[in-house]
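Each chain is listed here by its residues.
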Amino acid sequence: MEIEGPVDFCIYYRNPEETAKLIKLALKLGFKTVVASITLKEQDSFKELTTKVNGLKKMIKEHNFENTFMRLHLIGSDISWFKNCLRKLRYEFHIISSKPLNVEALRFIARDRRIDSIVYGNRELAKFFDKSQMKLMKNTGTVLELQFNSLWSSTHKGLIFSLRRTLGLAIRNNVPIVISSGSSTLKNIKTPLQLASLLIVLGIPYVYAKQAICTVPLSVIKRNMHRLSKKHVEPGVDIV
Amino acid sequence: MNALKLFIAVLIVELMFIIATTSLFIFGLIDLPVFAIFSVLALIMLILTFTLFKLIKMIIITNRTILKIKSEKLKLKEVLRKPRKRYIVFQIVSEKTLKTEEVKSLINSLIKETFGLIGSGNINAKLISYDEHSMKGIIRCVHTYKDAVLFALALASVRTEDRINIIPLKTTGTLRKAREIVKTLSID
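Residue numbers (the working numbering), protein chains in the order written: chain W, 1 to 240; chain Z, 1 to 188.
Mixed in with the good hints, there may be bad ones.
Unchecked claim - When the alpha-carbon atoms are kept at most 25 Å apart in a straight line, the in silico DMTMM-like pairs for lysine to aspartate or glutamate are as follows:
hint: 1; chain 1: Z; residue 1: Lys96; chain 2: W; residue 2: Glu18
hint: 2; chain 1: W; residue 1: Lys83; chain 2: W; residue 2: Glu17
hint: 3; chain 1: W; residue 1: Lys28; chain 2: Z; residue 2: Glu132
Derived from the structure by calculation, the hints contain no laboratory data.
Nothing here was measured: the structure is a model prediction, and the numbers come from that model.
All chains, please: the whole structure from these sequences, using the hints.
Structural data, given as structure tokens:
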């Protein structure tokens, strides 16, 4: 099985039927790899998550989706909750992403190597995606993720400015950027070119936009596939 | 900068030469006519060096200006070039069937809201055709603003609160090919 781009890094899982339809449509629209995401909030229970995971696994198997991966999306503000989740669930999913709700959590997540991507979405935290945050993210190899649909949840005022500033900082500090659709229904799915157009409209060259939907998400998936394989012992140590 | 460094180095050498000949004359090691010849030579060399330095500096400035004018000419050429057209084939995903007028107003308002009066003027987007039955249509725009139109179309679902989604299927350069795509390509 060969993984190819473009990649839709986030399609939210609601129920098996709708997600299957969504993945099929995404593959038809030009995506070659899809990542189905399950959201876990602080108030959610692990039992609920287990049923969702089983449903998603069953759906992937039933429809024989080859290039579909599972991802856990953590939303919270408590650092100990994050630690607990990562300890229990890291090896259950291909990708772990997070959307922190306060600065402490944001800094903690940027330092943790188990988290693959930080979702840029909280407008109040926009000013904390600064140089030091980018340095932390660069050191741990964490990706900055923009979810197209969740960006425009409320008023657009100030969003473009803060987005451009954050993207500029990320590019200057060599932090990889990923754009995902963040779609949950057929009514808000996006094509690969529409995702790339977000960066192009913001004045970022086409090369970076292409990397954000192809190269970077693929490298994250491949890295995690290797980490989850039996050959991997710890960073830098592999069984040959 | 390099020309200036060279000029300073040559100047120092020439000044050393003048100081040496003057000191030799003071100590009586050379005669007045020899000293006079050496001094005149040194002066001529000094004037020549200065003139050469000025010339090199002028050549560098002229080259830079020519390059700047050339790049600006290229930019102007790109601006003045006749804008090529792009045809974006799209399909609408919606629960209720949309009429042509509704689609037209939706696309126009999306582009105007996103890029403003000047932006929408530059984009020059126009709904060429729309089939109410299959909910597929063609938008024409300027080739340099294709991404802007795609971005504006992506915001349709955001603006209508997930009621209407406009999915671009393909972009072509000719209307004939776009019409062929409308007939063949579909997301259903």
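**Message:** Given the hinted pair W:Lys83 and W:Glu17, is their Cα-Cα distance within 25 Å?
**Reply:** 32 Å, violated
**Prompt:** Holds or violated: Z:Lys96 with W:Glu18, Cα cutoff 25 Å?
**Reply:** 19 Å, holds
**Request:** Please work out if W:Lys28 and Z:Glu132 have their alpha carbons no farther apart than 25 Å.
**Result:** 22 Å, holds
Figure legend: structure checked against the earlier numbered hints; the only hint not met is number 2.
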